[in-house]
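Colleague: Given next are the chains, with one letter for each unit.
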Amino acid sequence: MSLVMEARSLGKQYGRHWALRDCTLAIPEGKVVGLVGPNGAGKTTLLHLAVGLVVPTSGSIGVLGASPASGPAQLGRVGFVAQDTPVYARLSVAQHLRMGAWLNPGWDMGLAQSRIEQLDLDPRQRAGTLSGGQRAQLALTLAIAKRPACLVLDEPVASLDPLARREFLRSLMEIVATQRISVVLSSHLIADLERVCDYLVVLVASRVQIAGDTGDLLASHQRLSGPRRDAGSLPASQEVIEESHTDRQSTFLVRTSDPVHDPAWTVRPVTLDDLVIAYMSRSVAAPRHDDRPQLKVMS
Amino acid sequence: MIEFQLDTASGVATYLQLVQQVHQALQLGLLKPGDQLPTAQQVVARLAINPNTVLKAYRDLEREGLVRARPGQGTFITRSLPRIDPAAQSRFLGSMTDWLRSARAAGLGPDDIEAIYRTAFRNCFAEGVA
Chain L
1 MSLVMEARSL
11 GKQYGRHWAL
21 RDCTLAIPEG
31 KVVGLVGPNG
41 AGKTTLLHLA
51 VGLVVPTSGS
61 IGVLGASPAS
71 GPAQLGRVGF
81 VAQDTPVYAR
91 LSVAQHLRMG
101 AWLNPGWDMG
111 LAQSRIEQLD
121 LDPRQRAGTL
131 SGGQRAQLAL
141 TLAIAKRPAC
151 LVLDEPVASL
161 DPLARREFLR
171 SLMEIVATQR
181 ISVVLSSHLI
191 ADLERVCDYL
201 VVLVASRVQI
211 AGDTGDLLAS
221 HQRLSGPRRD
231 AGSLPASQEV
241 IEESHTDRQS
251 TFLVRTSDPV
261 HDPAWTVRPV
271 TLDDLVIAYM
281 SRSVAAPRHD
291 DRPQLKVMS
Chain F
1 MIEFQLDTAS
11 GVATYLQLVQ
21 QVHQALQLGL
31 LKPGDQLPTA
41 QQVVARLAIN
51 PNTVLKAYRD
61 LEREGLVRAR
71 PGQGTFITRS
81 LPRIDPAAQS
91 RFLGSMTDWL
101 RSARAAGLGP
111 DDIEAIYRTA
121 FRNCFAEGVA
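Heads up: the sequence lines are chains L and F, in that order. Mapping of the first sequence onto the numbering used here: residues 1 to 299, in sequence order. Mapping of the second sequence onto the numbering used here: residues 1 to 130, in sequence order.
Incorrect hints may have been included.
[Unchecked claim] List of simulated lysine to aspartate or glutamate pairs, DMTMM-like, C-alpha gap at most 20 Å:
no.: 1; chain 1: F; residue 1: LYS56; chain 2: L; residue 2: ASP213
no.: 2; chain 1: F; residue 1: LYS32; chain 2: F; residue 2: GLU64
no.: 3; chain 1: F; residue 1: LYS56; chain 2: L; residue 2: GLU29
These are calculated hints, taken from the structure and not from any lab test.
Go ahead and model the full structure; you've got the sequences and the hints to work with.
Modeller: The following block contains the structure:
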């Protein structure tokens, strides 16, 4: 199986601070990958490493089997939309498309124009006067008209209202349905990720907490509640991600590949929301590395 | 052609919701053999979900023998499901209502009743599996 992104012990240091550490990932092609984590977790750093805007301090990263930004061919295969979907305010929509054609050898003007038409954008309008949702759609159009095999989007919907957000994700999913393309997008809106992503990477405090197929992740985690007991008394096959106790009752979120048969437990499935929150709180509550910078991480 | 809906609060996996909706449509007679299901692109354009989710649902239905994908044309219904007999449905609704009334008369509250129902439901379907 070919990989859209492969990272080995990848790290990026800014001054004394590690924005990303010891990141190892192997993400298959054709997925819509959600990169989730709190602000400053290292999401933007990982995406910038993937598109070659910054170079690793340690380890290595490959995208579609090649080093990021290693040449014109690789640049053409990866489309990138930076945070806040930047466009040139003084240029018109049509001028953006002409610029795209001029800068990208594989530019598909037919695709770009039909999308602009579908979105009902006036080609003569200056980008600075577009709404947030329209600007995001223009940036997406520029990124896909170069016909990339992988699309990288940094918080594409964070600043959009719910309607524009849904429209944007709908466009994105239509692109995935019609073109063979992998997508990596960061967001902290888990509900959106749940709809569109089939692979999830949870990044907290510069480290990958968990990564995998969303279906597998949901199937391999359970919430157990029952009479009070210690985490230590659970079978070794059940890794405790989150626990809470009252004087009589205990609740655990565990990772396990085996079905839970203990009749003392009420077993409930977890939602993606539960899962992400559990991994986020765990890394805050129980730092596994003493040398990890706390609250000083740059993104 | 049917239109899929998504209930994000249900906690049921998206692909499973699609599968269930096809089952229901077959049981209600809304879908018949020969009918076409919406293409992945049509579902995606409506619900803003991952196209792989739609394909996964269709693959499951194909494994069940309910649909067949014809390359380049789409996915078509190949078999119908037995429709639920309306008389049986109303008979069971009646006996369930009687049961609920007697449980309430015995002093059980909504939570107690639900707990009993869940346990009985689980036991019954566990028997079916074993």
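Colleague: Would you mind marking each hint as holding or not holding in the structure?
Modeller: Hints and how they fare:
1. The suggested pairing of LYS56 of chain F with ASP213 of chain L holds, with an alpha-carbon distance near 13 Å, which does not exceed 20 Å.
2. Taken as a hint, the LYS32 of chain F and GLU64 of chain F pair is honoured in the structure, with Cα atoms around 16 Å apart against an allowance of 20 Å.
3. Pair hint LYS56 of chain F plus GLU29 of chain L holds up; C-alpha atoms about 17 Å apart against a cutoff of 20 Å.
Violated hints: none; the structure is consistent with every hint.
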